[in-house]
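Order-wise, the sequence lines are chains A and B. Following this note's numbering, the numbering of the first sequence begins with 924 at its first residue and continues without gaps. Following this note's numbering, the numbering of the second sequence begins with 924 at its first residue and continues without gaps.
Don't read these hints as lab results, they were simulated from the structure. Remember, it's a predicted structure, so these values are computed and weren't measured experimentally. No residue lacks a Cβ here, since even glycine has one placed at the ideal position from N, Cα and C. Fair warning: there could be bad hints in the mix.
Taking lysine-lysine and the BS3-like style, the derived pairs with C-alpha atoms no more than 27 Å apart in a straight line are [unchecked claim]: (1) B:K950 with A:K1140; (2) B:K1027 with A:K928; (3) A:K1110 with B:K928; (4) B:K1075 with B:K1172; (5) B:K1172 with B:K1223; (6) B:K928 with A:K1027; (7) A:K1114 with B:K1140; (8) B:K1140 with B:K1223; (9) A:K1135 with B:K1075; (10) A:K928 with B:K1114; (11) B:K1075 with A:K1074; (12) A:K1075 with B:K1074; (13) B:K950 with A:K1074; (14) A:K1074 with A:K950; (15) A:K928 with B:K1223; (16) A:K1074 with B:K1074; (17) A:K1114 with A:K1140; (18) B:K1075 with B:K928.
If you want the footprint, here are the derived chain A segments under chain B, 3+ residues with CB under 8 Å [as the list claims (entries may be wrong)]: (19) 930 to 942; (20) 969 to 978; (21) 1177 to 1186.
Number of protein chains: 2
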Amino acid sequence: MNKTKGTQISELGEFGLIERLTRTLPKHNASSLTAAGDDAAVIDLGDEALLLTTDMLTEGIDFDLSYFPLKHLGYKAVVRGVNDILAMNGTPQQIVVALGISAKIMVEALDELYEGMRTACDELGVDIVGGDTTASLTGLTITITAIGRAKKEDIVYRTGAREHDLICITSNLGAAYMGLHLLEREKRVLKDVANPEPKFAGYEYLLERYLKPRARKGVLDALREEGIRPTSMIDLSDGLASDLRQICKSSQCGARIYLERIPIARQTSELAEEMHIDPVIAALNGGEDHELLFTVPLDKQEAVMRLGLVDVIGHITREEAGVILVTPDGEGIALKAQAFDR
Amino acid sequence: MNKTKGTQISELGEFGLIERLTRTLPKHNASSLTAAGDDAAVIDLGDEALLLTTDMLTEGIDFDLSYFPLKHLGYKAVVRGVNDILAMNGTPQQIVVALGISAKIMVEALDELYEGMRTACDELGVDIVGGDTTASLTGLTITITAIGRAKKEDIVYRTGAREHDLICITSNLGAAYMGLHLLEREKRVLKDVANPEPKFAGYEYLLERYLKPRARKGVLDALREEGIRPTSMIDLSDGLASDLRQICKSSQCGARIYLERIPIARQTSELAEEMHIDPVIAALNGGEDHELLFTVPLDKQEAVMRLGLVDVIGHITREEAGVILVTPDGEGIALKAQAFDR
Chain A
924 MNKTKGTQIS ELGEFGLIER LTRTLPKHNA SSLTAAGDDA AVIDLGDEAL LLTTDMLTEG
984 IDFDLSYFPL KHLGYKAVVR GVNDILAMNG TPQQIVVALG ISAKIMVEAL DELYEGMRTA
1044 CDELGVDIVG GDTTASLTGL TITITAIGRA KKEDIVYRTG AREHDLICIT SNLGAAYMGL
1104 HLLEREKRVL KDVANPEPKF AGYEYLLERY LKPRARKGVL DALREEGIRP TSMIDLSDGL
1164 ASDLRQICKS SQCGARIYLE RIPIARQTSE LAEEMHIDPV IAALNGGEDH ELLFTVPLDK
1224 QEAVMRLGLV DVIGHITREE AGVILVTPDG EGIALKAQAF DR
Chain B
924 MNKTKGTQIS ELGEFGLIER LTRTLPKHNA SSLTAAGDDA AVIDLGDEAL LLTTDMLTEG
984 IDFDLSYFPL KHLGYKAVVR GVNDILAMNG TPQQIVVALG ISAKIMVEAL DELYEGMRTA
1044 CDELGVDIVG GDTTASLTGL TITITAIGRA KKEDIVYRTG AREHDLICIT SNLGAAYMGL
1104 HLLEREKRVL KDVANPEPKF AGYEYLLERY LKPRARKGVL DALREEGIRP TSMIDLSDGL
1164 ASDLRQICKS SQCGARIYLE RIPIARQTSE LAEEMHIDPV IAALNGGEDH ELLFTVPLDK
1224 QEAVMRLGLV DVIGHITREE AGVILVTPDG EGIALKAQAF DR
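One chain only, chain A, in its complex shape (with noise of 0.2 Å):
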């Protein structure tokens, strides 16, 4: 009795989806700081702040259970989730966890699947608080949500770029993007043969940051102790050209990069290599990083460098100048979004 005719969602794509759905909403609760439009939403406690924020995974799409180990399926889940509040510059704090269930997945596969979502708590000091399971007719679904905190002052949106200020990232890009097509072809080769032996060697680093990616509250806390705070920070998710479009968008302004600037590992350039992938495309369209994006103000340039945990790979620019990456001969190319709509 449901449409079935109409607009496809590709059409839209996520964003616009989103801002379709949420645009007219009203708000009943003074309490309700943010809608829709930032990494978590922010509610009012008084002077601190309540971060929220919810992230669902859905089997097929966010992973394949033929070579994601559920152990690092759990990690990877709580440190996407808990991403979005550091990406606030909120402390992570607690989280709730929505299971679907298909009748495949056994009790043993829940039990590492919340050992590695445990291990993650523990090394980011979350609690995992509560939560509800569900059957699914088909796949393995997760949903995290997690809240924080942070002094209201304390908050980064996506809003507060500003000309002039420094775009760093937290760590080289493109690397989980060429660890999953790793795995695929991998799969993809082995997909007869009767004891896969998958050829990883050489790579382990780039499995890694697909399978397991770190959340980087470590670098937030040096920049709080160097009291230095970003003026936009959001959460690597879709690739550094779609999340850098994103803060410029939010704080309408414009960006410079420099090609030369973004730091891309070894082991993915050689896998780019091998595979006939521009690196390059790797890195600013891949997705999944899950590193910090952020900017902070010009003067905080020798603070930040010193540090040794960022790179600084550009800066802002007035809103007219576009999101420019500039190549090493210096000329000018306007980065394009191509990440995740589907």
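Following the hints, complete the assembly by docking chain B onto the known chain A.
Leaving out everything else, chain B in the frame of chain A:
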């Protein structure tokens, strides 16, 4: 590479599974006042507490899109999420919505889903403050995470029922269960009919109870105005038998409920008779009622009755006495939880 042999989840049941997964979870934050085991988690905010709960609905298990209008589904998803906050005697304030969207779902369908969510939110004074969308290879999946606030001393846990307390419910039971059976019957009967005209005449109330359950915020407001604080409370989602046993287990008590006091709507009885289902089974084990089951001290009997909003169906006893259904001829039958374990 993941195990497919092991313990089936049905061997443990939903409650057993959650107990197993959460039994050894550590606590890193003093603000995590409770772990799993109630309708919502309780987070310390000083004088007040934050209530946090998550609820996942999966297509084919929790709803069938061939007869479940998306507008109603959105409404029901919000009511289910918010009910867990109400069942702690809290005030729901914000929700975040995570959607897993299959390719057959069009943008217009999501508009309808959001329209229903928005209607429920407007009625309940709740804001949608964020969300996540991801693709889903198969069915639609909805996770609603709700937060609310309560003064600490107002929070009602499942653990507070005491001997002699009265057992109250906020409406008749079994109607949603029969509504579901009616929808399933008409779907079956009209499977191969070109222009199906399902026969719902006379049973509209049952459909409404299943498709569009109401949150009983008004009852809680009335209790508060009368100065009546429930001693224990739970959302009636798994059926009276199962949920009453949850209260008794958490409160380490027994219960006696009286069959002739359990309200069953006329339409429920009529359809049950037509379909050769025992209406008492529908009321005890049907589930999805989404009413509130709570206990109040014996001395509040008159005040509670005066409200005219609840039915008193029995009282709390000592643990040794068990959880007993008393038939009209005075016989006592031990209540088993048949609910929801799949």
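A quick look at each hint next to the structure:
Taken as a hint, the K950 of chain B and K1140 of chain A pair is honoured in the structure, with Cα atoms around 19 Å apart against an allowance of 27 Å. The hinted pair formed by K1027 of chain B and K928 of chain A meets the criterion: a straight-line CA distance of about 9 Å does not exceed 27 Å. Restraint check: the Cα-Cα separation between K1110 of chain A and K928 of chain B comes to about 22 Å, which is no more than 27 Å; the hinted pair holds. A C-alpha spacing of about 23 Å is found between K1075 of chain B and K1172 of chain B, which places the hinted pair at or below 27 Å, so the restraint holds.
The suggested pairing of K1172 of chain B with K1223 of chain B holds, with an alpha-carbon distance near 23 Å, which does not exceed 27 Å. Proposed proximity of K928 of chain B and K1027 of chain A is supported: the alpha carbons are some 9 Å apart, at most 27 Å. Of the pairs offered as hints, the one joining K1114 of chain A and K1140 of chain B is violated, with about 55 Å between alpha carbons and a cut-off of 27 Å exceeded. A C-alpha spacing of about 20 Å is found between K1140 of chain B and K1223 of chain B, which places the hinted pair at or below 27 Å, so the restraint holds.
At most 27 Å may separate the alpha-carbon atoms for a hinted pair to count; K1135 of chain A and K1075 of chain B exceed this at roughly 38 Å. Distance hint between K928 of chain A and K1114 of chain B is fulfilled; the C-alpha atoms sit about 21 Å from each other, no more than 27 Å. Under the criterion of a C-alpha separation no larger than 27 Å, the hint pairing K1075 of chain B with K1074 of chain A is consistent with the structure, at around 22 Å. Restraint check for K1075 of chain A and K1074 of chain B: satisfied, since their Cα atoms lie roughly 22 Å apart, inside the 27 Å limit.
At roughly 22 Å between alpha-carbon atoms, K950 of chain B and K1074 of chain A fall within 27 Å of each other, so this suggested pair holds. Taking the CA atoms of K1074 of chain A and K950 of chain A, the gap is near 22 Å; set against the 27 Å cutoff, the hint holds. Using a Cα cut-off of 27 Å, the hinted pair K928 of chain A and K1223 of chain B is violated, with the two alpha carbons roughly 56 Å apart. Restraint check for K1074 of chain A and K1074 of chain B: the C-alpha separation of about 22 Å stays at or below 27 Å, so the hint holds.
Taking the CA atoms of K1114 of chain A and K1140 of chain A, the gap is near 39 Å; set against the 27 Å cutoff, the hint is violated. About 45 Å separates the Cα atoms of K1075 of chain B and K928 of chain B, which puts this hinted pair outside 27 Å; it is violated. Look at the stretch 930 to 942 of chain A against chain B: 8 of its residues bring a Cβ nearer than 8 Å to a Cβ of that chain, three or more, so the hint holds. With a threshold of 8 Å between beta carbons, the proposed coverage of the stretch 969 to 978 of chain A by chain B holds, since 5 of its residues qualify and at least three are required.
Counting residues of the stretch 1177 to 1186 of chain A whose CB lies closer than 8 Å to any CB of chain B gives 0, so the stated coverage by that chain is violated, three being the minimum.
Consistency with the previously given hints fails for numbers 7, 9, 15, 17, 18, 21, ordered from lowest to highest.
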